[in-house]
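Chains as they are written, first to last, in this note's numbering: chain D, 506 to 578; chain H, 506 to 578.
Do not take every clue at face value.
Just so you know, same-sequence chains aren't split out, so a pair can sit in one copy or run between any two.
No more than 27 Å apart at the CA atoms, straight line, and that leaves these computed lysine-lysine pairs for BS3-like [said to hold, decoys possible]:
id : residue 1 : residue 2
1  : Lys-545   : Lys-578
2  : Lys-545   : Lys-530
3  : Lys-569   : Lys-545
Everything labelled a hint here was simulated from the structure, so no lab data went into it.
There are 2 protein chains.
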Amino acid sequence: KALPRSAIELRCQCVGTHSKFIHPKFIHNVNLIPSGPHCKNVEVIATLTDGREVCLEPTAPWVKLIIKAILDK
Amino acid sequence: KALPRSAIELRCQCVGTHSKFIHPKFIHNVNLIPSGPHCKNVEVIATLTDGREVCLEPTAPWVKLIIKAILDK
Chain D
506 KALPRSAIEL RCQCVGTHSK FIHPKFIHNV NLIPSGPHCK NVEVIATLTD GREVCLEPTA
566 PWVKLIIKAI LDK
Chain H
506 KALPRSAIEL RCQCVGTHSK FIHPKFIHNV NLIPSGPHCK NVEVIATLTD GREVCLEPTA
566 PWVKLIIKAI LDK
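Just chain D, same shape as in the assembly (with noise of 0.2 Å):
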């Protein structure tokens, strides 16, 4: 559900989140984006091991607990 963008866009990229829990294995990386005049949702996007890109609510614990994982590995 991530737009198509480039390295700084000047809108929200997300028209949702999916809801369902990804696997970290799954997981080839998170962009965060704060919010700010641009859009003013933050904005968790995962792109996948296939390429796919989905964007993730950023208050969703498992979420969370993925981030930390990436960071304490």
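Here the structure of chain D is known, so what remains is to put chain H in place on it, guided by the hints.
Only chain H this time, still in chain D's reference frame:
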């Protein structure tokens, strides 16, 4: 210190990490790349508001705090 990259690269992106604190207001987004077969290091790449990309140290307390602040905002 981030090398050019596409969405999914097959090698490490960072040749070093920026050690000094960067104020969150200069950070446009933060990309977290878990370690894996492509690279043994966890990589944290911040895109700054001026478009520059800098690699951050995943274990640095200020880096963890910035990531937490983005998610909690």
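Pop the pair Lys-545 and Lys-530 into one bin, within, between, both or neither, using alpha-carbon distances up to 27 Å. For Lys-545 and Lys-530, only the inter-copy Cα distance (15 Å) is at most 27 Å; the intra-copy one is 30 Å.
Between the shortest in-copy and the shortest cross-copy C-alpha distance, which are at most 27 Å for Lys-569 and Lys-545: within, between, both, or neither? Both, since 19 Å and 22 Å are each at most 27 Å.
Between the shortest in-copy and the shortest cross-copy C-alpha distance, which are at most 27 Å for Lys-545 and Lys-578: within, between, both, or neither? Cα proximity of Lys-545 and Lys-578: across copies only (10 Å, versus 31 Å in one copy).
The structure agrees with every numbered hint stated previously.
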